[in-house]
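Asks: So you can see what is in the structure, the chains are spelled out below.
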Amino acid sequence: MAVKIEKTFQVQEPIEKVWAFLSDPRKVVVCVPGASITEQVDEKTYKGAISVKVGPSVSDFKGEIQIVRKDDAAHEIELLGKGQDTRGKGSASMRMTGTVRTLENGATEVVSVAEMNVVGILAQMGGRMIQEVSNIMFEKFSNSFRQQLQGGPVDPNAAKPISGLGLAFSAIKATFGGETKDDPSKEPGKS
Amino acid sequence: MFKTTPEVGGMGHSIKRKEDGRFLQGKGNYVDDVNLPGMVYGHMVRSPFAHARLKSVNTEKAKALPGVLAVITGEDLAKAGLAWMPTLSGDKQMVLATGKVLFQAQEVAFVVAEDRYIAADAAELVEVEYEELPVLVDPKKATDPGSPILREDREEKTNHIFHWEVGDRASTDKNFSTAPVTARVDALFQRCHPAPLETCGCVADFNKATGKLNIYLTSQAPHVHRTLFALVGGIPEQNIRVISPDIGGGFGNKVPIYPGYVCAVVASLTTGIPVKWIETRSENLMSTGFARDYHMTAELAAEKDGTMRALRVKTLADHGAFNATAQPTKFPAGLFSICTGNYVLQDAFCEVDGVYTNKAPGGVAYRCSFRVTEAAYLIERAVDVLAQELKMDPIELRRKNFIGKDQFPYQSKLGWSYDSGDYHANLDKALEFIDYKALRKEQEEKRKKGEFMGIGISTFVEIVGAGPSHTFDIAGIKMFDSAELRIHPTGKGILRMGTKSQGQGHETTYAQIVAQELGIPASDITVEEGDTDTAPYGLGTYASRSTPVSGAATAMAARKIREKARKIAAYLLEASEEDLEWEPGKFWVKGSPSKSKTIQEIAFAAYTNHPQGMEAGLEAVNYYDPPNLTFPFGTYIAVVDIDKGTGAVKIRKFVAVDDCGNIINPMIVEGQIHGGLTEGLAIAFMQLIDYDESGNVQGGTFMDYLLPTAVETPNWETGKTVTPSPHHPFGAKGIGESPNVGSPAAFVNAVVDALSHLGVKHIDMPMTPAKIWQVMKEKGVAG
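Protein chains in written order, with the numbering used here: chain A, 3 to 193; chain B, 12 to 794.
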């Protein structure tokens, strides 16, 4: 199940500050819901984990993130991540390219293109579910990213897997054209 | 044939289904309704990968969960020699994986716990370490040098399973080389799934004190399953009792033995506790017997005037990870060689190659007599392509090449002896339902306006009712079937069968056969099936074989009883047997009709006043071995309109004129036709078990694998012709599968017909709106 996700967002910070943040996996990972870096293997390779909970199904992926390419002049970074669920429920890999550039209004634009390949239980839920779960995770990511850059408080939920039911519920609503809830900590029925 | 009164309810009466009382009131008794004291529950741990090395299975955390009794792994089964089991096709299949996994959702471990929820939670705690391997999804790449060899357990280091051919290749090729016109179609009959409303499951109950193993099983073939459990498990057969209670639809899905059954039996044998295992919907769709997956090519050679000369067929069959297709032993591609259809041909040749891929095993006959659906679809598609090539009307082309009614029994070029048929009369009957000329004129006018309508026709022949036993066996067991009829002193009776209804209405139709043969009201006959301790041995219900084989056995058993009844009547009436006349329900003395004895009086005498020297009682058993198969046929016509904006197809009219020989219950026959057409509609437009390039199932839920509902289902108009089977005791042929076999071609032919003027020759199923819209877009006509 290959899914391609392209996202763009803006940050009101100078490009070098954004680039310094984006090009450091240890910093970026803090913004990814449920993700952590457990070990730095060498200059370009890290070991990490990510927990994704969709509905009743939790997948704890453990694996490696590698910096394939980092171009400080062009402000472009390419990462390759691969992991397998610790309880054998599947695997996922992702090739992500991140680029930053200065806009005319002085803001910095972050463009991220991720090609994910998911095998296993998550993949059986179909492309539409993966796409929507990714959308919601990305939404969380870009919010945290902004907050981190601006030196704001770290979202205490950021490092935890986002609430399973909430995530599945939001994804289902989004799939069927409903409103996407931004606060996944709310359980369905409580909103 | 005598016509019985409605009160007796013999052949031809639309009496209401006896089983519906309990079904409509929610009083059916299915496997999941079986709850035994102390019963525990199993849950399967399944592979997320389509192909991976199994590095370790850690069950410690799962076992530590309170309420968990056991976690069985492939290694545990291997110690007992049960890690593998034989399939119905002479291959073997892993019960629980050892070494590696070969398809997504393959069985890896079996958790047994005090309740279902604990079992499911514990399954989540089983830690399995995999090493992913390259995945083979495309069967066309199965024998490429670079493709991974899937089955390391086999001596043959290839993904090729079998090559099977029938007919005369040389003479067919020669015929083609001189033919003025040829037509070719490449058609995939996609992987679909029977998706019965009740999923598969069992309750295994081993009693350590008595040594008796009861298995409540969703089984279409309980006796065969009992024998296989005895042979494979080494359990004495008299100690195994398989009980198939009410079955919520089978359609071939409940013919194989699945790993879940074996694991539940092993768990109960080990613990002495009853173990229930019931599949989830996704488990059913992802791991149990799929249907079709035939990549087919058909070529027809013909004269310029449309006279057909030869047929050449080449097929690649995707069997998934294990060859677990349900077929008679001598027929690796089932009865696919019926692909010559209803047509007179000079030559024919058909070859099929089966291959392994990283997909679920199966290849069951989904409402189909062993690959007949694929065959009927292929020839009916090919004939339409030939008509397009010849610029000839598809109905005229068919009519010109039909086997004539005086040519029966007809010997086909691929080896079958068609029992009887009248294809011209059947086609004419179907055409009475429509104004064909007016429809063609309307189509022409619509095309000028840029609108799309199509008329699709399918004239099919089936081959059902296997045996005969000299040719047909399943796993070595000959394909006969049986009936045991016992008449009680008060003239009522019980009929026990080797078959097993899954919704077909056997409790009603078999009783009607007895009513016809003996004149005992159908309501006085209890029909019992599915308990191997009480029923006579039989091969089960699939491939439309119940009426052709067991229905025949019922008639033969009833006739044995009638012969004994004649002797008793002669004794009671003090007449000679030769002087007695029979009509359903009584014997009377020739010339004096008032001197008579009813069957009820005779039955009473059989227990109270039978002639000295004769055995008391009134009962008979028959094991029927059919002399040939039966060949039901029909004409289906679909008229469709296509929305050019969305690609959606509306079925404006659908006509089904079937010929299944003599009919037992017209209402049940019509119900079977409605059901089969609805399933055919779903296959044609909605259903596909798809896999992505990593081997992930893309049809594992009802979100993706669509079931037809009343919303999609058009009005079915049905009609009939009656051409009795000459060799069947009461001239019946079987009906359950015809509508599913014959209808997909009618739908596809109609859609292609709507777009044929644009050069469209074929569209593969499922014909989703998106797919049709894409075709129209390519032709520049999409809205």
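Be careful, since some hints might not be right.
Claimed, not checked - Pairs of lysine-lysine residues, derived as BS3-like cross-links and limited to a Cα-Cα distance of at most 25 angstroms, are as follows:
| id | chain 1 | residue 1 | chain 2 | residue 2 |
| --- | --- | --- | --- | --- |
| 1 | A | K64 | B | K72 |
| 2 | B | K66 | A | K84 |
| 3 | A | K64 | B | K782 |
| 4 | A | K49 | B | K29 |
| 5 | B | K782 | A | K6 |
| 6 | A | K64 | B | K503 |
| 7 | A | K46 | A | K6 |
| 8 | B | K503 | B | K597 |
Unchecked claim - If you want the footprint, here are the derived chain B segments under chain A, 3+ residues with CB under 8 angstroms:
| id | region |
| --- | --- |
| 9 | 129-138 |
| 10 | 703-711 |
If you are wondering where the hints come from, they were derived from the structure by calculation, not from laboratory data. Remember, predicted model here, so these are calculated numbers, not experimental data. The beta-carbon is built from N, C-alpha and C at its ideal position, and this holds for glycine as well.
Asks: Does K84/A sit within 25 angstroms of K66/B, going by the straight-line distance between their CA atoms?
Replies: Holds: K66/B and K84/A sit about 18 angstroms apart, inside 25 angstroms.
Asks: Closer than 8 angstroms, Cβ to Cβ, for at least three residues: run that test on the region 703-711 of chain B against chain A and report holds or violated.
Replies: holds (count 8)
Asks: Against the 25 angstroms threshold, does the CA-CA distance of K49/A and K29/B hold or violate the hint?
Replies: violated, 66 angstroms
Asks: Holds or violated: are the alpha carbons of K64/A and K503/B at most 25 angstroms from each other?
Replies: Violated - the C-alpha atoms of K503/B and K64/A are around 70 angstroms apart, more than 25 angstroms.
Asks: Going straight from one Cα to the other, do K46/A and K6/A come out at no more than 25 angstroms?
Replies: Within the cut-off at roughly 24 angstroms; holds.
Asks: For a C-alpha distance cap of 25 angstroms, please report whether K503/B and K597/B respect it.
Replies: Distance ~15 angstroms between K503/B and K597/B Cα, so the pair holds.
Asks: CA of K64/A to CA of K782/B, is that 25 angstroms or under?
Replies: Distance of about 39 angstroms is beyond 25 angstroms: violated.
Asks: Mind taking a look at whether chain A covers the region 129-138 of chain B? Criterion is 3 or more residues with CB to CB distance under 8 angstroms.
Replies: Per the Cβ count (4), the hint holds.
Asks: Please verify whether K64/A and K72/B have alpha carbons no more than 25 angstroms apart.
Replies: Given pair K64/A, K72/B holds - Cα atoms ~19 angstroms apart, limit 25 angstroms.
Asks: Are the Cα atoms of K782/B and K6/A separated by 25 angstroms or less?
Replies: Satisfied, since the Cα-Cα distance of roughly 22 angstroms is no more than 25 angstroms.
The structure fails to meet hints 3, 4, 6 from the earlier list, while all remaining hints are met.
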